[in-house]
Amino acid sequence: ICSRLVFCGIVVPCALAASNITSLATLCNREAHAAGMGRGVVAKWILARLLPWLQGGDYAYHGIVPHYCNVQMDWGALPERPVGARELAQVQVFVRHGARTQESSDRCWEGDDVGQFACSRSHGDRDGASCPGELAASGYEQEVNNGERLRDAYILREGLLGPSMAEAADDLLVRSTDKERTRQSARAVMSGMFGELSGGALPWVEPEMNHLVQSRNFAEENMVINYGTCPASSWKAAQHFDGLPLQDARDMQTLCKRFRPQEDMTNKECAWWLTHLMDCLMSRVCPTVPFAPHNATVPHEFFDDDDQLLRHVWRILDEVALGYFQEMVSTGAMSSLVGEILETARLAARGLAAPRLLLYSGHDTG
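In terms of my numbering, the sequence shown is numbered consecutively and its last residue is 1421.
No lab work stands behind these hints: they were computed from the structure.
Check each hint, because a few of them may be wrong.
[Unchecked claim] Pair ranges (Cβ atoms, derived): (1) 1225 with 1361: 52 to 60 Å; (2) 1370 with 1171: 24 to 32 Å; (3) 1294 with 1394: 18 to 26 Å.
Note that the structure is a prediction, hence the values are computed from the model and not measured.
For glycine and all other residues, C-beta sits at the position ideal for the given N, C-alpha and C.
Assemble the whole structure, with the sequences as input and the hints as a guide.
Next up, the structure:
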């Protein structure tokens, strides 16, 4: 599975999948036409929305806090069915968990012990050291809002599912990574989808939903890059970081030396540490994360000159991370998941037994 992908029914090399999505869409259209199905319409619709964003030029990161933190707590209404799509056969939904506390208790900077995270209602009020990476109350609310948007689009507008969880359960497939915050996020989405219509409140924990949320052992998980299930991705990751463009490696190592001068890091170690640094920053900057006091505990240098250093760290990390994920996709690290997604969609498109709505609750590293 690490050497090829199945894209709309066609087996293609992963390198092609990574480098030429437009050609793949053409192949998808051709295959869909031959099979008498409308998948090509959807492929064109996705490309029309995706490519302008990819080709939009440099991003200056001025709006990174409201966007990354989702301070509006809502991404807005879902789009109407694409023009030319006669029937909605299936919906596949991918969500990242809601706002959470800092993932790791590792050191961020001198004085990072100032301030405190508040744990969620599901664990009581404790300091953040006791609940690293935990879903915040605001994160739960974000996912409930996502569920309400899904309800508006696919229960009320399209009638894809029944109006209550009991009526819709047989048409649902809900997957989460084996993390409590992603399981809680999945349950929150379902609360938003069915809580109001079924006349019930939106509880913090819904025991009756637990059996609907499927998780796998992380050793077998394919919703994230897994070196165990795709061994080729391990050595390709090492190759990627060792072969970073000179400027990217220099910029990244300069940042690591600036904040951890006592350590000599490889490019890979430096990239992972910068990921931790960004988590430290955003978990204190985001107003949706339960930390107090917020910006006052972050070293002022990150905010000098119109947040220049904060935006610089974001830019470097984004460039390196994007290259890493592109390398992993081209290696085939996500092929197992992609195969499952396409096979389920193919069953639905042919009118065979398949869930009508699939919800994947995971991470932004998947």
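Quiz item: If you check the beta carbons of residue 1294 and residue 1394, does the distance land in 18 to 26 Å?
Solution: With a Cβ separation near 24 Å, residue 1294 and residue 1394 satisfy 18 to 26 Å, so the hint holds.
Outcome of range test on Cβ distance (residue 1370, residue 1171; 24 to 32 Å)
At 30 Å between Cβs, range holds.
Range hint 52 to 60 Å: satisfied by the CB atoms of residue 1225 and residue 1361? Taking Cβ atoms as reference, residue 1225 and residue 1361 lie about 53 Å apart, which means the hint holds.
When the structure is compared with the earlier hints, no violation turns up for any of them.
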